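A.B. asks: Please arrange chain B on chain A, whose structure you already have, making use of the hints.
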Amino acid sequence: GQQLNQSPQSMFIQEGEDVSMNCTSSSIFNTWLWYKQDPGEGPVLLIALYKAGELTSNGRLTAQFGITRKDSFLNISASIPSDVGIYFCAGQPNSLIQGAQKLVFGQGTRLTINP
Amino acid sequence: DSGVTQTPKHLITATGQRVTLRCSPRSGDLSVYWYQQSLDQGLQFLIQYYNGEERAKGNILERFSAQQFPDLHSELNLSSLELGDSALYFCASSVTWGSNSPLHFGNGTRLTVT
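Going down the list, the sequences are from chains A and B. All the letters of the first sequence, read from the start, carry residue numbers 1 to 115 under my numbering. All the letters of the second sequence, read from the start, carry residue numbers 116 to 229 under my numbering.
Hints are computed from structural coordinates only; laboratory data are not their basis. The structure presented is a predicted model; accordingly, all values stated were derived computationally and were not measured. The C-beta atom is built at its ideal place from N, Cα and C for all residues, glycine as well. Possibly wrong hints are sitting among the right ones.
[As the list claims (entries may be wrong)] Straight-line Cα separation of at most 20 Å, EDC-like style, residue types lysine to aspartate or glutamate; simulated pairs:
#, chain 1, residue 1, chain 2, residue 2
1, A, Lys102, B, Asp144
2, B, Lys124, A, Glu54
3, A, Lys102, B, Glu190
4, B, Lys124, B, Glu168
5, B, Lys172, B, Glu190
6, A, Lys102, B, Glu169
7, B, Lys124, B, Glu190
8, A, Lys102, B, Glu177
9, B, Lys124, A, Asp38
10, A, Lys102, A, Asp71
11, A, Lys102, B, Asp116
12, A, Lys70, A, Glu54
13, A, Lys51, A, Asp38
[Claimed, not checked] A short, non-exhaustive set of chain A residues, derived as facing chain B with CB atoms under 7 Å:
#, residue
14, Glu41
15, Ala48
16, Gln101
Only chain A is shown next, with the shape it has when bound in the complex (with noise of 0.2 Å):
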């Protein structure tokens, strides 16, 4: 099936610090979407991109939508604590069935933050 490669897998910043992470696909998705995990929940969508070459931002995170349609990035600036958690890309591929929706997922990039 399809898979997306998430990287990187983990990451030790110091506050403060900005991040990036990034996701590719051999696959051509319609939309990219970012959620966070935080311990004992479920994901929350940060950002949703819908065309390509799409840039967008959502307070100190930016994300945008590979021109090839194939891949991801998810910049965070000026890191703070409460930024600690899994972050998830998922895209949606192009379905022949009317209604259906698959989301496929990273494997998550864990983001640790040092004070």
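C.D. replies: Then chain B, alone, in the frame of chain A:
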């Protein structure tokens, strides 16, 4: 709070047993999705329902089944449980389907099979 409600939060049961996980989608959402999250495997898509009808299937085992009821809540039934079924099971919902209808996740049910 995403608005998606899952019950129970935790479930501990023995191998061979059957359990039912319940999900209430956000108000107004017609699509419901089930995902399994194991320690080493990230989020794996199981099944999607839209307005009561099954729309997409992922790697869902034959021992697992789901349905979406007229009031749009959904249940995931897991039977003949095995140790490897221990995982977090997430429900998500979206307004409709398609690229412009992002998924919103509940807080999951943690299933432990002993």
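A.B. asks: All hints are to be evaluated individually against the structure, with a verdict given for each.
C.D. replies: Quick rundown of the hints versus the structure:
1. Lys102(A) with Asp144(B): With Cα atoms ~16 Å apart, Lys102(A) and Asp144(B) stay inside 20 Å; holds.
2. Lys124(B) with Glu54(A): 37 Å, violated
3. Lys102(A) with Glu190(B): Holds: Lys102(A) and Glu190(B) sit about 18 Å apart, inside 20 Å.
4. Lys124(B) with Glu168(B): Violated: Lys124(B) and Glu168(B) sit about 26 Å apart, past 20 Å.
5. Lys172(B) with Glu190(B): With a Cα-Cα distance of about 15 Å, the restraint between Lys172(B) and Glu190(B) holds, given a limit of 20 Å.
6. Lys102(A) with Glu169(B): With a Cα-Cα distance of about 12 Å, the restraint between Lys102(A) and Glu169(B) holds, given a limit of 20 Å.
7. Lys124(B) with Glu190(B): 14 Å, holds
8. Lys102(A) with Glu177(B): Given pair Lys102(A), Glu177(B) holds - Cα atoms ~19 Å apart, limit 20 Å.
9. Lys124(B) with Asp38(A): 15 Å, holds
10. Lys102(A) with Asp71(A): 17 Å, holds
11. Lys102(A) with Asp116(B): This hinted pair is violated, its Cα atoms lying about 23 Å apart.
12. Lys70(A) with Glu54(A): 13 Å, holds
13. Lys51(A) with Asp38(A): Given pair Lys51(A), Asp38(A) is violated - Cα atoms ~28 Å apart, limit 20 Å.
14. Glu41: Nearest chain B Cβ about 5 Å off; hint holds.
15. Ala48: Ala48(A) check passes; min Cβ-Cβ to chain B is 5 Å, inside 7 Å.
16. Gln101: 5 Å, holds
In the structure shown, a violation is registered for the earlier hints numbered 2, 4, 11 and 13, in ascending order.
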